[in-house]
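S.K.: Here is what each chain is made of, one letter per residue.
There are 2 protein chains.
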Amino acid sequence: MDKIFASIITIGDELLIGQVVDTNSSWIAQELSKIGVTLKHRVAVGDIWDDIWQALDEESKLADIIIITGGLGPTADDITKPLLCSYFDAQMVVHQPTLEHVQHIFENILKRPMIERNAKQAEVPNNCTVLKNEKGTAPGMLFKRDGKIFVSLPGVPFEMKWIMANHVLPMIPQLYETGFIEHRTLLTAGIGESFLAEMIQSFEKALPAHIKLAYLPNFGMVRLRLSGWGSDQNILIHEISSFFDSLKELVNEYLIIDEDLPIEVAVGNLLKARNETVSTAESCTGGFIAHMLSIHPGSSTFFTGSIISYANIIKETMLDVSHKTLTTVGAVSEEAVIQMAKTVRNSMNTHYSIAVSGIMGPGGATNEKPVGLVWIAVASAHKVVSKSFGFRFDRRRNIELTTSNALNMLRALIVDNSRENI
Amino acid sequence: MDKIFASIITIGDELLIGQVVDTNSSWIAQELSKIGVTLKHRVAVGDIWDDIWQALDEESKLADIIIITGGLGPTADDITKPLLCSYFDAQMVVHQPTLEHVQHIFENILKRPMIERNAKQAEVPNNCTVLKNEKGTAPGMLFKRDGKIFVSLPGVPFEMKWIMANHVLPMIPQLYETGFIEHRTLLTAGIGESFLAEMIQSFEKALPAHIKLAYLPNFGMVRLRLSGWGSDQNILIHEISSFFDSLKELVNEYLIIDEDLPIEVAVGNLLKARNETVSTAESCTGGFIAHMLSIHPGSSTFFTGSIISYANIIKETMLDVSHKTLTTVGAVSEEAVIQMAKTVRNSMNTHYSIAVSGIMGPGGATNEKPVGLVWIAVASAHKVVSKSFGFRFDRRRNIELTTSNALNMLRALIVDNSRENI
Numbered sequence: 001m002d003k004i005f006a007s008i009i010t011i012g013d014e015l016l017i018g019q020v021v022d023t024n025s026s027w028i029a030q031e032l033s034k035i036g037v038t039l040k041h042r043v044a045v046g047d048i049w050d051d052i053w054q055a056l057d058e059e060s061k062l063a064d065i066i067i068i069t070g071g072l073g074p075t076a077d078d079i080t081k082p083l084l085c086s087y088f089d090a091q092m093v094v095h096q097p098t099l100e101h102v103q104h105i106f107e108n109i110l111k112r113p114m115i116e117r118n119a120k121q122a123e124v125p126n127n128c129t130v131l132k133n134e135k136g137t138a139p140g141m142l143f144k145r146d147g148k149i150f151v152s153l154p155g156v157p158f159e160m161k162w163i164m165a166n167h168v169l170p171m172i173p174q175l176y177e178t179g180f181i182e183h184r185t186l187l188t189a190g191i192g193e194s195f196l197a198e199m200i201q202s203f204e205k206a207l208p209a210h211i212k213l214a215y216l217p218n219f220g221m222v223r224l225r226l227s228g229w230g231s232d233q234n235i236l237i238h239e240i241s242s243f244f245d246s247l248k249e250l251v252n253e254y255l256i257i258d259e260d261l262p263i264e265v266a267v268g269n270l271l272k273a274r275n276e277t278v279s280t281a282e283s284c285t286g287g288f289i290a291h292m293l294s295i296h297p298g299s300s301t302f303f304t305g306s307i308i309s310y311a312n313i314i315k316e317t318m319l320d321v322s323h324k325t326l327t328t329v330g331a332v333s334e335e336a337v338i339q340m341a342k343t344v345r346n347s348m349n350t351h352y353s354i355a356v357s358g359i360m361g362p363g364g365a366t367n368e369k370p371v372g373l374v375w376i377a378v379a380s381a382h383k384v385v386s387k388s389f390g391f392r393f394d395r396r397r398n399i400e401l402t403t404s405n406a407l408n409m410l411r412a413l414i415v416d417n418s419r420e421n422i
Numbered sequence: 423m424d425k426i427f428a429s430i431i432t433i434g435d436e437l438l439i440g441q442v443v444d445t446n447s448s449w450i451a452q453e454l455s456k457i458g459v460t461l462k463h464r465v466a467v468g469d470i471w472d473d474i475w476q477a478l479d480e481e482s483k484l485a486d487i488i489i490i491t492g493g494l495g496p497t498a499d500d501i502t503k504p505l506l507c508s509y510f511d512a513q514m515v516v517h518q519p520t521l522e523h524v525q526h527i528f529e530n531i532l533k534r535p536m537i538e539r540n541a542k543q544a545e546v547p548n549n550c551t552v553l554k555n556e557k558g559t560a561p562g563m564l565f566k567r568d569g570k571i572f573v574s575l576p577g578v579p580f581e582m583k584w585i586m587a588n589h590v591l592p593m594i595p596q597l598y599e600t601g602f603i604e605h606r607t608l609l610t611a612g613i614g615e616s617f618l619a620e621m622i623q624s625f626e627k628a629l630p631a632h633i634k635l636a637y638l639p640n641f642g643m644v645r646l647r648l649s650g651w652g653s654d655q656n657i658l659i660h661e662i663s664s665f666f667d668s669l670k671e672l673v674n675e676y677l678i679i680d681e682d683l684p685i686e687v688a689v690g691n692l693l694k695a696r697n698e699t700v701s702t703a704e705s706c707t708g709g710f711i712a713h714m715l716s717i718h719p720g721s722s723t724f725f726t727g728s729i730i731s732y733a734n735i736i737k738e739t740m741l742d743v744s745h746k747t748l749t750t751v752g753a754v755s756e757e758a759v760i761q762m763a764k765t766v767r768n769s770m771n772t773h774y775s776i777a778v779s780g781i782m783g784p785g786g787a788t789n790e791k792p793v794g795l796v797w798i799a800v801a802s803a804h805k806v807v808s809k810s811f812g813f814r815f816d817r818r819r820n821i822e823l824t825t826s827n828a829l830n831m832l833r834a835l836i837v838d839n840s841r842e843n844i
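Read top to bottom, the protein sequences are chains A and B. Residues 1 to 422 in my numbering are what the first sequence spells out, letter by letter. Residues 423 to 844 in my numbering are what the second sequence spells out, letter by letter.
I should point out that these hints are in silico values taken from the structure, not numbers from a laboratory. Each residue gets a CB set at the ideal place from its N, CA and C atoms; glycine is no exception. A portion of the hints provided could be inaccurate.
[To be verified] Okay, the calculated beta carbon distance ranges per label pair:
id: 1; chain 1: B; residue 1: P519; chain 2: A; residue 2: N252; range: 49 to 59 Å
id: 2; chain 1: B; residue 1: I470; chain 2: A; residue 2: D57; range: 19 to 29 Å
id: 3; chain 1: B; residue 1: E681; chain 2: A; residue 2: D416; range: 43 to 53 Å
id: 4; chain 1: B; residue 1: K791; chain 2: A; residue 2: K132; range: 42 to 52 Å
id: 5; chain 1: B; residue 1: P504; chain 2: A; residue 2: P217; range: 41 to 51 Å
id: 6; chain 1: B; residue 1: K809; chain 2: A; residue 2: K144; range: 41 to 51 Å
id: 7; chain 1: B; residue 1: I735; chain 2: A; residue 2: F158; range: 46 to 56 Å
id: 8; chain 1: A; residue 1: S242; chain 2: B; residue 2: Q518; range: 36 to 46 Å
id: 9; chain 1: A; residue 1: N349; chain 2: B; residue 2: P504; range: 21 to 31 Å
id: 10; chain 1: A; residue 1: P208; chain 2: B; residue 2: K791; range: 24 to 34 Å
id: 11; chain 1: B; residue 1: E681; chain 2: A; residue 2: K248; range: 44 to 54 Å
id: 12; chain 1: B; residue 1: L532; chain 2: A; residue 2: A165; range: 18 to 28 Å
id: 13; chain 1: A; residue 1: K144; chain 2: B; residue 2: E522; range: 57 to 67 Å
id: 14; chain 1: A; residue 1: D416; chain 2: B; residue 2: D511; range: 36 to 46 Å
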């Protein structure tokens with residue numbers, strides 16, 4: 001059995017002048033990986049006929065499955081569909097079910113008249129399989145040539161995802177013997193990438209060729225991922241699980257989560273399992289911790305709310321930080337965050353709370369308090385833990401690092417709390 | 423003068439299995455565009471010797487400047503440096519200033535012993551120009567061959583950005599006659615992409631070949647961008663400004679901002695110019711509006727704070743939404759958001775406030791209230807404006823759309839308020 005390879009071609013000038021970040025590709029990559037398809041190559045080209053044509057030629061040499069996203073909208077900068085028509089020697093024809101679908105969307109959902117430009121979205125090359133787009137007007141299209149498949153999808157993320165999930169991903173295992181790919185990921189905190197590498201050097205050297213280890217540093221933490229490929233899923237799972245167990249033992253001291261979960265999901269899962277709740281009092285993160293706690297479905301079971309005290313006066317009036325604290329040690333201090341954590345936990349009546357105050361930059365530094373100085377406190381009914389950090393990055397990254405460290409401190413407090421209650 | 427083309431090669435398995443979203447490329451693309459370099463192609467490959475080699479061969483056929491990011495870390499999954507050494511027929515040597523820089527970072531900043539693996543980061547191919555990395559241990563490297571330049575940069579975003587900004591971008595105009603690229607962007611709301619296209623059809627057809635129009639739909643709004651290229655910057659600016667003025671007149675009814683600014687920055691600028699402040703009371707967005715208002719530097723001058731009332735009890739206790747409102751019309755109602763907006767504006771003592779309550783999905787819908795139903799209110803001292811929306815997307819996108827619409831309602835209220843006060 002050979003590996004099945006895929007390539008992604010992303011079309012659009014907006015990707016090449018950097019006005020848009022490409023999130024589609026990483027989603028497609030993840031989904032392909034789950035069904036045993038290896039992404040070989042990703043390429044982005046502008047809305048230029050020859051460049052798209054050449055990308056199709058090149059990628060079809062490298063891959064079995066070529067996924068094309070973007071360039072299918074109703075406006076004049078979209079040239080992908082006529083190009084595909086010509087590339088696959090087809091005639092453009094009206095696809096009646098798509099036309100009815102577009103009419104339906106305009107009449108019943110958008111409730112405005114359809115114009116000629118919208119009707120054009122129902123035209124497709126006559127040798128493609130049309131992939132219905134429940135979420136929009138531009139259909140997906142599938143072409144076959146020389147044992148390879150070419151799939152053209154709209155660039156709008158939720159439309160692309162719907163067509164992939166409902167048409168493309170179910171079809172691939174029927175067309176190819178893909179084999180299996182398995183990943184195991186764990187998250188460490190408190191140790192740098194190079195020290196981690198030193199620590200697990202001999203483990204890494206002993207890995208067989210079909211299992212790879214990757215280091216993924218992010219948000220001040222390092223994720224370790226084992227990826228294996230094989231034709232027998234059971235054997236592969238057994239083998240990779242055994243390596244993963246050894247890896248967990250080796251990094252045990254720094255291990256936070258042994259799943260590929262963002263830290264906020266891990267914290268949410270802990271709280272859900274215990275029927276416990278959390279609130280936040282945020283200054284420098286400006287609501288980002290609350291956002292991370294509430295971005296995933298089901299968060300209303302454990303996240304109660306927050307007081308974002310961006311201005312100092314709000315720390316005084318709503319979080320009981322004393323005027324004396326603010327004028328002596330200041331808002332970025334251990335005293336302040338401990339009080340903020342206590343008050344918000346009480347006023348929101350939650351099991352736990354998080355409080356943060358810091359200087360995210362670029363402005364706001366003083367002689368005693370540099371950019372990146374952050375105080376974090378987490379509180380339960382019985383305990384408050386506080387800690388200061390010195391981050392050395394830009395504003396956005398300092399906010400992210402404050403958030404991940406605050407969530408990790410809460411995680412430790414919850415685990416600790418459960419131990420004490422046994 | 424010919425156009426100068428660039429390609430970006432991004433290296434790393436994590437990009438191909440989708441564990442990481444590539445934000446580097448869009449930043450590089452933007453910066454290159456500013457100095458008149460056209461990005462021709464972007465490609466992502468895994469940590470595989472032959473694939474990287476082939477990408478170097480292919481991209482050097484297409485572009486004058488090849489920018490390689492990633493694959494320079496201290497761990498064993500990084501093979502880029504030895505590959506570049508071999509590709510450019512070089513010998514690996516220790517670069518003394520880099521070694522001293524790495525030693526300095528460990529001794530004075532990280533305050534832990536340096537290990538052999540870190541010292542290795544100071545080794546470079548002997549025919550490259552070393553580009554000092556002030557922000558980390560892995561240096562950038564520049565190679566020249568056949569009139570083309572190859573730049574290898576670390577994948578960590580703030581390290582990559584520092585080297586680009588301090589070494590690479592200043593050097594390019596000295597090496598090439600790049601010409602000039604100018605962009606003008608405006609933001610519209612309340613009209614779909616296809617209707618906009620219909621409205622400005624004849625304008626678009628009349629554009630000269632060196633000026634392009636692009637439609638960039640995002641967050642339920644459509645951005646229109648004019649991009650022009652030319653050898654004389656003054657002529658180009660004059661020409662593109664004149665087309666941009668015509669475009670603004672054509673879409674005037676739907677025009678929100680005539681700059682390439684995110685809506686939250688436009689709102690922040692309005693508030694700063696008026697010395698006015700805003701607070702938010704958020705349910706369904708869970709702090710995302712507060713986050714957007716506070717993510718940019720200088721936001722403390724206009725953003726005071728928020729009450730995130732994720733649980734209904736917090737709407738009652740902290741935002742004065744009556745128990746009767748919650749039990750009759752419910753938390754997702756006009757009554758509720760009007761009260762939330764009034765209370766938070768008063769208790770935070772701000773000029774304006776925003777309040778939102780809605781059902782973001784996938785759970786939480788009832789017979790009367792589907793997923794995507796959102797009520798938004800914005801308040802000033804004299805006026806409260808409220809409006810309901812029906813978003814049809816996934817949780818994350820519904821949160822983003824609620825945020826952009828709330829910010830746009832606030833923008834309208836501020837502009838309206840200023841008119842009334844004249």
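S.K.: Each hint: holds or not?
M.R.: Here is what the structure says about each hint:
At roughly 39 Å, the beta carbons of P519(B) and N252(A) sit outside the given window of 49 to 59 Å. A C-beta distance of roughly 21 Å is found between I470(B) and D57(A), which places it inside the suggested range of 19 to 29 Å. Judged by the Cβ atoms, the range 43 to 53 Å given for E681(B) and D416(A) holds: they are separated by roughly 50 Å. For K791(B) and K132(A), the Cβ-Cβ distance of about 28 Å falls outside the hinted range of 42 to 52 Å, so the restraint is violated.
For P504(B) paired with P217(A), a C-beta distance near 21 Å fails the hint of 41 to 51 Å. At roughly 48 Å, the beta carbons of K809(B) and K144(A) sit within the given window of 41 to 51 Å. Checked against the hint of 46 to 56 Å, the C-beta distance between I735(B) and F158(A) comes to roughly 33 Å, which is inconsistent with it. The beta-carbon spacing between S242(A) and Q518(B), approximately 45 Å, falls within the hinted interval of 36 to 46 Å.
The hinted range of 21 to 31 Å is not satisfied by N349(A) and P504(B), whose Cβ atoms lie roughly 59 Å apart. For P208(A) and K791(B), the Cβ-Cβ distance of about 54 Å falls outside the hinted range of 24 to 34 Å, so the restraint is violated. Taking 44 to 54 Å as the suggested C-beta distance range, the pair E681(B) and K248(A) conforms, at roughly 51 Å. At about 44 Å, the beta-carbon gap between L532(B) and A165(A) misses the expected band of 18 to 28 Å.
Distance hint for K144(A) and E522(B): a CB-CB separation of about 59 Å, consistent with the stated range 57 to 67 Å. Evaluation of the 36 to 46 Å hint for D416(A) and D511(B) yields a failure: the beta carbon distance comes to about 57 Å.
Figure legend: structure checked against the earlier numbered hints; hints not met, in rising order: 1, 4, 5, 7, 9, 10, 12, 14.
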